[in-house]
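2 protein chains.
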Amino acid sequence: MPEFMDVHRNMTGITQAALQAAHDADLAIQGDEGVDFKSAWADPESGLVYCLSEAPSADAVRRIHERTGHPADEVHPVPIKV
Amino acid sequence: MPEFMDVHRNMTGITQAALQAAHDADLAIQGDEGVDFKSAWADPESGLVYCLSEAPSADAVRRIHERTGHPADEVHPVPIKV
Numbered sequence: 001m002p003e004f005m006d007v008h009r010n011m012t013g014i015t016q017a018a019l020q021a022a023h024d025a026d027l028a029i030q031g032d033e034g035v036d037f038k039s040a041w042a043d044p045e046s047g048l049v050y051c052l053s054e055a056p057s058a059d060a061v062r063r064i065h066e067r068t069g070h071p072a073d074e075v076h077p078v079p080i081k082v
Numbered sequence: 001m002p003e004f005m006d007v008h009r010n011m012t013g014i015t016q017a018a019l020q021a022a023h024d025a026d027l028a029i030q031g032d033e034g035v036d037f038k039s040a041w042a043d044p045e046s047g048l049v050y051c052l053s054e055a056p057s058a059d060a061v062r063r064i065h066e067r068t069g070h071p072a073d074e075v076h077p078v079p080i081k082v
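Sequence lines, in order, name chains A and B. Residues 1 to 82 (the UniProt record's numbering) make up the first sequence, in order. Residues 1 to 82 (the UniProt record's numbering) make up the second sequence, in order.
Fair warning: there could be bad hints in the mix.
[Said to hold, decoys possible] Coverage of chain A stretches by chain B, computed from C-beta distances (three or more under 8 angstroms per stretch; other residues unrestricted):
(1) 19-28
(2) 44-56
(3) 62-72
[Stated by the list, open to error] Taking beta-carbon pairs under 7 angstroms as the criterion, some of the chain A residues facing chain B (in silico):
(4) P2
(5) M5
(6) R9
(7) Q16
(8) W41
(9) V82
Hints are computed from structural coordinates only; laboratory data are not their basis. Keep in mind it's a predicted model, so treat the numbers as computed, not measured. From the three backbone atoms N, C-alpha and C, an ideal C-beta is built for every residue, glycine too.
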C-alpha cells in the first residue's frame, strides 16, 4: 500500500489532547476509504502538523481529513523511505 | 530527547539509493551532535524529503545535514505526537 505524508498548516497552539482527538476521529472512519493513519507529529508554535498514512490514493487521505473537519493543505506520496 | 521533522525541497528525482546514501552519511556523523536520525520519506516527483530525528536542538540537526551536503530547508520541533 502506498504511503503518504500530509501537511496541515495554521494549527498554531495545537495540544496533545487536540491532536489525539483529531487522530481518533480519522481512525474512526478511515476504513471507509481504506486508509491507515500511522503517526502524526505537531509543532504548536509554527502550527504545522505532519501525518503519515498508508492509503490507496492521496484523494482517499484528503477525503478522510475533510470529513473529520481538518482538511490537509498538502498530501504527498512518499514512495521512498529509509 | 526532543523530536524534529526537517524538510528538504528541490530533491526532485531522488532515488532509493540516493536517499539511503544521504541517510547513511548523516548516521555516520550524527553522534558528533547527539542526533539520532530515525526515518526519512521522499517524494521524487515534488522533490520533498522529510526526516524525523531525535536531537538536542534544531541547530544540531541543521549542522549534521549541512556537513553531509544536504542542508535542510526547514527544521521544526514536533513536541506533540500520536
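Worksheet item: So which of the earlier hints does this model not fit?
Response: Hints 3, 4 and 6 not satisfied by this model.
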